[in-house]
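Visitor: Protein chains in written order, with the numbering used here: chain A, 1 to 583; chain B, 584 to 959; chain C, 960 to 1287.
Read the hints as simulated data drawn from the structure, not as lab findings.
No residue lacks a Cβ here, since even glycine has one placed at the ideal position from N, Cα and C.
Warning: the hint list may mix true and false statements.
Claimed, not checked - Below, a list of computed lysine-lysine pairs in the DSSO-like style, where the Cα atoms sit at most 27 Å apart: (1) B:Lys668 <-> B:Lys693; (2) B:Lys646 <-> B:Lys688; (3) B:Lys860 <-> A:Lys431; (4) A:Lys557 <-> A:Lys537; (5) C:Lys1090 <-> A:Lys148; (6) C:Lys1202 <-> A:Lys149; (7) C:Lys1090 <-> C:Lys1152; (8) B:Lys680 <-> B:Lys693; (9) C:Lys1152 <-> C:Lys1183.
As the list claims (entries may be wrong) - If you want a taste of the chain A side facing chain C, the calculated C-beta under 10 Å gives, among others: (10) Arg61; (11) Asp68; (12) Glu91; (13) Ile107; (14) Ile115; (15) Ser124; (16) Leu126; (17) Val139; (18) Ala193.
Below are the chains, spelled out letter by letter.
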Amino acid sequence: MEPVAAAEPGPAVLEVKGLVTEFPTRHGPFRAVDDVSFELRAGQTLCVVGESGSGKSVTARSILQIVDTPGRITAGEVLLHRHRTSRGSGEEETIDLARLEPRGQAIRAIRGRDIAMIFQEPMSSLSPVHTIGNQIGEVIRLHESVSKKEARARSIELLRQVEIPTPESAVDRYTFEFSGGMRQRAMIAMSLACNPSVLIADEPTTALDVTTQAEILDLIKRLQVDHGMAVMLITHDMGVVAETADSIVVMRHGKLVERGSVEAIFYAPQHDYTKMLLQAVLDLDRPSERRLARRTVQPIGGPVVEIKGLVKEFDLRHGFMRRKGHILKALDDIDLTLNEGENLGVVGESGSGKTTLGRCLLRVHDPSRGEMLYRAVGGGVADVATASGNGLERIRRDIRMIFQDPFASLNPRMNVAQIIGEPLLVNGVAKGAALRARVAELLDVVGLPASAMERYPHAFSGGQRQRIGIARAIALEPRVIVADEATSALDVSLRTQVLDLLLELQERLGLSFIFISHDISVIRYFCDRVAVMYRGKVVEVGETEEVCTNPQHGYTKALLSAVPHPDPRHRGMLGRHRYEAGR
Amino acid sequence: MASVLDPRLHTDTEVASQWRLMWWSFRRHTLAMVGLVIVLLLYLIGFFAEFVAPFDPQSASAKHVYHPPQMIHFIDSTEEGWRIKPWVQAYTFERDKFTLQTTFKPDEGKRVYLSFLGKGTPYELLGLFPAERRLLVPDEPNERFFLFGADRLGRDMLSRTVFGTRVSMSIGLVGVTLSLLLGVLLGGISGYYGGAVDMVIQRVVEFVLSLPTIPIWLALTASLPATWPPLTRYFAITLILSLVGWTELARVVRGRFLALRSEDFVVAARLDGCSEKRVIFRHMLPSLMSHVIASVTLAIPVMILAETSLSFLGLGLLPPTISWGVLLKEAQNIRSIAQAPWLFVPGAFVLVAVLALNFLGDGLRDAADPYAQERG
Amino acid sequence: MLLTYIIKRILWTIPFLFAVSIVAFALIQAPPGDYLTTFAATLAQSGDMVDQERLEALRTRYGLDQPFIVQYWKWISGVLVGDFGISFEWQQPVSNLIWERMALSLCLAVSTLLFTWAVAFPIGIYSAVRKYSIGDYVVTTIGFLGLAMPNFLLALVLMYIGVVYFGADVGGLFSPEYQTAPWSWAKVVDLGKHIWIPVVILGTSSSAALIRIMRANLLDELNKPYVTTARAKGLSEFRLLLKYPVRLALNPFVSTIGWAFPQLISGAVITAFVLSLPTAGPLLLQALLAQDMYLAGAFILLLCTLTVVGMLVSDILLALLDPRIRYR
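With the sequences and hints as input, model every part of the structure.
Guide: As structure tokens, then:
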């Protein structure tokens, strides 16, 4: 075992001691951050990790006292040791940020100058009506007395540093003219404007694709080295933690669960919660044993769905005589086969056409060209692409869908019995008492009590709702299920549970899955074969393990090398493969 | 699993339908509840106008021209002791011989006694059921009393305002119903079919919204023949009002329709095998309803104000029809209001009705989507 | 980019204006009987000789015996060169009667709009920033009252107060000595002294509505992530407020020209009638009551044109303010 190569620990520049942040509610104060302590060292990265609602974001905001009203710090210290930073005058100078007036001059002088922050959603975190240059220049002119012209020159220089192409013209652009990754780069440029000694990054890559995420993390790392900053990185992704952290703080329900070095946390976790978090990630990083065992008992059969030369074009032309816009080829000549009892993964980044593919197969969208042959139980073959009326209805009973968003996909105005019973009712399968009995049975299959029937979706958590969606999908005893990002809205610890449920259903009902996801680890766990999509094309198809370990296409290589591995000893940052074809 | 199996949580919210949830969130809105009570009260008054009004609103009396309002007392204390009995102070009527100006003076010795649910002049409730009991009548059938004063013909303003309530409040309701039909139809078509139909309907909506309403209304009502009977005119006016009023509702319906059409749960319903009709009526309409109801409530006061304005200018409803606007036309003349400021009373009713409907509508709008917060 | 948008937007108003003219002409045609029968009746009533030859000339001039389209064509081609027909009640060309009144109407509407902005902008911001303070409640209450009070009722109440407590007539736009006087600097000053009363009356309800809109929008914007970003930069609360959320909340504010303008023009008709202002409203009403349709039609056409142009101005301002619109 080789030790993790860590940077030489610098002096602690920021110390948080016993921080408590409370939000007054009708039922008394709610402690969003409850007695949290940690320190940030120059040149090092501290990762704060936790699931949604763990209080990690509020912790970050408490440091700068920019917690949303009515939250406020009620106890603890946030000590900035300025004398240990490049800005220090040499004399001992320690400021307790928690004591400063949140709206006062003193803390404002620190925000953006000593401590800078970047946020999750680069679109909404930047003003849409001011140019990038205006927003960067503002920080510079706020903290340093420079002329407008000079601020502009420095903004351009900053944009160049964060690798935005043609910074001279980018400086006058608006944020909506940039892609997500470019916006986050602009955001980083803005945070670096005054050479801060501490950078707080609140889920900076969550809204981005994996390859973009890797680039942004790269950039932050490089800038950290160049500027000797202390970085506090907030994330829910253990992979990102493993890739970037020097030390780690694990949070849950506002409390600090465990803290320590990367090595300590990853290889010798003490707390059960930390172990659970790590286990959930590690579980996903390899093929499901259950699936592999099953395939030896019941091998994969012949083709159920054959997609041949499928093309879907969206007409985005508008305006007078449709002269503006263009025709978007969302699916470009797709050939793909799904076999009986097989889990076929479709992986790709946003805009690669994977969702469109799933929706075409159910004829939510009508394909422009090509065929999708479905082989029914009796051996009859129907083309889904041209089916209509009764034919389409029959196909839709056999091919069902599980949606990504467990909130949007259940009608909030219908109770669970009505939601699950709807396909049974409209297809004339069951009604009355028989319908209720069947719904109860389905609920049992997905692991929910029969008492759930009378309840409305708002009574359930995300994971439970996804189970309701699954019950609806299997109600008609289908043969094929298209699962579109079925686990991405769930916390990591819930993902394996839902995936295992799907595998169990596959055994019981003899299902075949088309599993669409952007998350390679989920695909690896669940899918026998995988198709990699890039810009509307399938660039590579193969056995999942084969593709994951020995990718052939350049894009697959780039995608795989960008995926952060939840193992700090195998940091893939430096050996990353970049794929720039056709950009 | 926590929330289903957790006994601490109230199970009634979990099994509550959308209307129950809406009602719960609506109930927390105090102003909206006040608005609801007032609106219900006004519609009750309008519905039972003949019963609530002490007198026939058209019966004139030369003796009572511009009779000032009288204060109602409930405790009658005389030398013999006191009793609970409503009464008003009687006024005497004097006419200056030279200037012919009339003045009313309180007649200290004389009280007009009143009783609740007594027999008054016979009437037909809603023009259908003959009856003679009224809410408040003088004990002596020949006495008159004027809680809101009298107008230039000596007609009782209270009775007139009560009848005005019937017409003005109902015109809001009828007008909104018409607008709703037009709005839901055109908005639904626009949102459902999209494309060129949507384009045309949207341009029409934009166009109508860019027009100044009152001049258009005025011109339309001016072209109505003055010889039409009151009821025909009433419906013609509501029709004219709703010709402009539908646009806002059409916009709401279309916007919601478009947003809903791409919702996952609607796609799911289609994949479940639901017919188009079932998708619309079973899955989409319930989500639309609450928003439409809120918009409708907010559209009623606009109608009421429009009717009042038109009638006030003499181009809306015409006497003998009584509406708040027709009554306020009496207050047009600065000399008459200087002499009889109680002619403003219908104006106060307009104010209260419009406020109450606005509060109610705001409350409904806030409660319209009880699921909005948890999704946030 | 901006220029193409503006040009396109201007071109868009042409079909609107065309539709407006159709509506106005349809309204002229709406009353039973044609213009000349009414004209002849009026002449006969006033005891004038009905000159058959003149009637005949008018009939050909306006194509009254021809189909709607032809009549419309004759009318609109006149309008385009400034000939709006003849008012039989006033016995003179409509164009002689309307322009001064339209100018005063426009002046009143614009002043009201400025007043509305001046009132709603600071109060709306205050109300949003100091949410649930006493001041906010007071403003919200007044806002509700302003919204519920019909303009004409407010005008009546003010007149009542003026007459009963101050013994002054608050109606009119000019002092008696300037009413018929030709335009001069003194007359403009006199106008300024009188115009504020109708401006306040008209502006109350739109100010109330605008305060509510401004408050709601600003409350929305105040919770947006970019505000937190700006705060994290170290901007002071005041500068931050003005530069970011207020700037974005301005969009619906500017678009008020679009919706408030038609309402102002609309409301002005009644208020002007109550206060007997020498603007378009009272004359339009008089014309409608007398079925003097060419005069009424001219007013309706011009008032509608005014609101359509108001929409245009509002859209152009929006595009200037918000880059997202002009890039769309």
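Visitor: A separate judgement is required for each hint: does it hold in the structure or not?
Guide: Status of the hints after comparison with the structure:
no.	hint	in the structure
1	B:Lys668 <-> B:Lys693	holds, 15 Å
2	B:Lys646 <-> B:Lys688	holds, 13 Å
3	B:Lys860 <-> A:Lys431	holds, 20 Å
4	A:Lys557 <-> A:Lys537	holds, 16 Å
5	C:Lys1090 <-> A:Lys148	violated, 36 Å
6	C:Lys1202 <-> A:Lys149	holds, 20 Å
7	C:Lys1090 <-> C:Lys1152	violated, 36 Å
8	B:Lys680 <-> B:Lys693	holds, 25 Å
9	C:Lys1152 <-> C:Lys1183	violated, 44 Å
10	Arg61	holds, 8 Å
11	Asp68	holds, 7 Å
12	Glu91	violated, 23 Å
13	Ile107	holds, 8 Å
14	Ile115	holds, 8 Å
15	Ser124	holds, 5 Å
16	Leu126	holds, 6 Å
17	Val139	holds, 5 Å
18	Ala193	holds, 9 Å
Violation of the numbered hints given earlier is confined to hints 5, 7, 9, 12; the remaining hints are satisfied by the structure.
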